[in-house]
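Listed below are the residues making up each chain.
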Amino acid sequence: MMVELGQYIPGTSCIHYLDPRAKLLGLFFYGLALLLAPTGITASLTGAAILPVIVLAGLAPSFIWRQLKPLLVFLVIIFFLQVALTPGEIIAAIGPLRITREGLDYGIMALARVFFLIVAASVLMATTDPLALADGLERLLRPGQRFGLPSVELALMLTLALRFVPTLLEEAERIMRAQVARGATFRGSQVKNLMPLIIPLFISAFRRAEGLAEAMEARAYRGGKGRTRMRELHFKPADYIFLLLAVLLVAGTAYYRLGFGS
Amino acid sequence: MIEVQGVTFFYPGTREPALENISLTIRPGEFLAITGPNGSGKSTLARLLNGLLRPGKGRVLVDGLDTADAASLVEIRRRVGMVFQDPDNQLVAATVEDDVAFGPENLGLPPAAVRQRVAAALEAVELADLKTRPPHRLSGGQKQRLALAGVLAMEPVYLVLDEATAMLDPVGREEVLKKVLALRREKGLAVILITHFMEEAALAERMLVLNEGRIILSGPPADVLQQEEGLAKAGLKAPAIVALGKSLRQAGVKLPASIVTVEEMARALWKLASGK
Ligand SMILES: Nc1ncnc2c1ncn2[C@@H]1O[C@H](COP(=O)(O)OP(=O)(O)OP(=O)(O)O)[C@@H](O)[C@H]1O
Ligand SMILES: [Mg+2]
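So the sequence lines, in the order shown, correspond to chains A and B.
Sequence positions in the first sequence follow numbering that gives the first Met the number 0 and run 0 to 261.
Sequence positions in the second sequence follow numbering that gives the first Met the number 0 and run 0 to 275.
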């Protein structure tokens, strides 16, 4: 079993080349704009701003669909809850269910927010090397160091997770095979059935963590203090343009939110 | 020079010392093998050399820097590189090159210097082609060579290998050991090889046998490996080639007693067969 983490798809598009910090900030502004958009229609229009990014990144619609599929039920529930529970002007009634104009609008708004945020996050993951992402996050959080935020350690934790998830998955498979060879079955989803897998996996993870801590210390690790990074990040003109567009999106939705648009 | 001076070490909460009154000097460029049965204190000794453990009694000095002095630890760890047994527990980053960068980054080197050291270290262990690969997609031998590169990038003076080949198959073992010995020749690194394989220990200039926390034998492998009784006390056995030499000598073949490796034996037999 070859496990590849994240959905990073290496490529050479201009979206791939953007600075990870610009992309992270872009996602933040995009999320903010979605939150600020006051109606279902404005939220959908705001969300549509991701479409040119998808095209530029050269991502196939089937890829986006694969990211969304596991969350479909969740999206449908969000939509119907909003539709069913919002009081207002009734436009249709199915049995005891009353659909209001406001409910429909809220439903579309909530759906658009969650839907487009997931899409945008998938685009970020697909076009950014997870390591670059961890680095970008570290740099963005660096100002927080002054207030005791361990940004270097957080980024290191993220890369360690990236490094060890595949190893632990391989190990889980090995343990599973060993237990099956001893007559265990892993059918059924009861936790009880998974215990013979989970316990050895935990023990091995702790043992690894101990060895890892020692190996890191042996390589002169002493926390984030004094640590430099090999990868340098540079903002290019494209990054500034990208961020400018993202900020304009926020400004646009804020304009509507404050009621100037209607 | 690494000087271990009268070191006794207890793990917290234990009554028996893991090491007792050990004294030892390791010269730069030397090739020292350390063997001994399980639990004899080999790993404990290794961890004392780079300050992962501090001696309870006695001192450990690395080129004059005391491992008990917290301010010297970074420099000590730069000088004394360590490769551990389990390849999966010592690789920290999601790609080969980022892993090699970890040590130099901890030393606080500027990015350009880190990149240059990473490139040189990967070149030295012949992994430059795989620099963007995730470590879990390397073979065991490649993983250990990567761990070696991670240490080399810190430009060490001493290289401690704590059973670094124990989890590898024979091919992987040879691959790693060959690389280590080549690096010693090229860079003048001292190699401290902790191993259960007597054939590997026989290649060293000097070997130590530990038993129950004490050094029971030490000297050139040619001497140590002849001491059947001493080795047996530590539950060890000289490589088969030593027994073969002994049998041949008893049968009247004129071989020197100092033969401990297959190569030496081959050379000696060839010399005999060709009548000098
Ligand atoms: N973390 C620890 N806490 C307590 N005792 C320990 C610890 N690590 C090792 N010991 C004990 O110290 C002694 C020496 O252990 P050490 O690991 O140095 O032996 P070793 O020669 O490396 O053995 P092996 O060949 O199994 O690797 C043993 O008796 C062991 O049980
Ligand atoms: Mg050991």
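Incorrect hints may have been included.
[Said to hold, decoys possible] Cβ-Cβ distance ranges computed for the label pairs, FRET-style:
#1 B/P11 <-> A/Y239: 51 to 59 angstroms
#2 B/E122 <-> A/G30: 38 to 46 angstroms
#3 B/N37 <-> A/L140: 44 to 52 angstroms
#4 A/G30 <-> B/A127: 36 to 44 angstroms
#5 B/R248 <-> A/A177: 42 to 50 angstroms
#6 B/P11 <-> A/I8: 48 to 56 angstroms
#7 B/P219 <-> A/L148: 50 to 58 angstroms
#8 A/F205 <-> B/K177: 33 to 41 angstroms
FYI, nobody ran anything at the bench for these hints, they're computed from the structure.
Built from N, CA and C at the ideal position, the CB exists for glycine as well.
Now for the hints, and whether the structure bears them out:
no.	hint	in the structure
1	B/P11 <-> A/Y239: 51 to 59 angstroms	holds, 56 angstroms
2	B/E122 <-> A/G30: 38 to 46 angstroms	holds, 44 angstroms
3	B/N37 <-> A/L140: 44 to 52 angstroms	holds, 45 angstroms
4	A/G30 <-> B/A127: 36 to 44 angstroms	holds, 41 angstroms
5	B/R248 <-> A/A177: 42 to 50 angstroms	holds, 48 angstroms
6	B/P11 <-> A/I8: 48 to 56 angstroms	holds, 50 angstroms
7	B/P219 <-> A/L148: 50 to 58 angstroms	holds, 56 angstroms
8	A/F205 <-> B/K177: 33 to 41 angstroms	holds, 35 angstroms
Taken one by one, the earlier hints all hold for this structure without exception.
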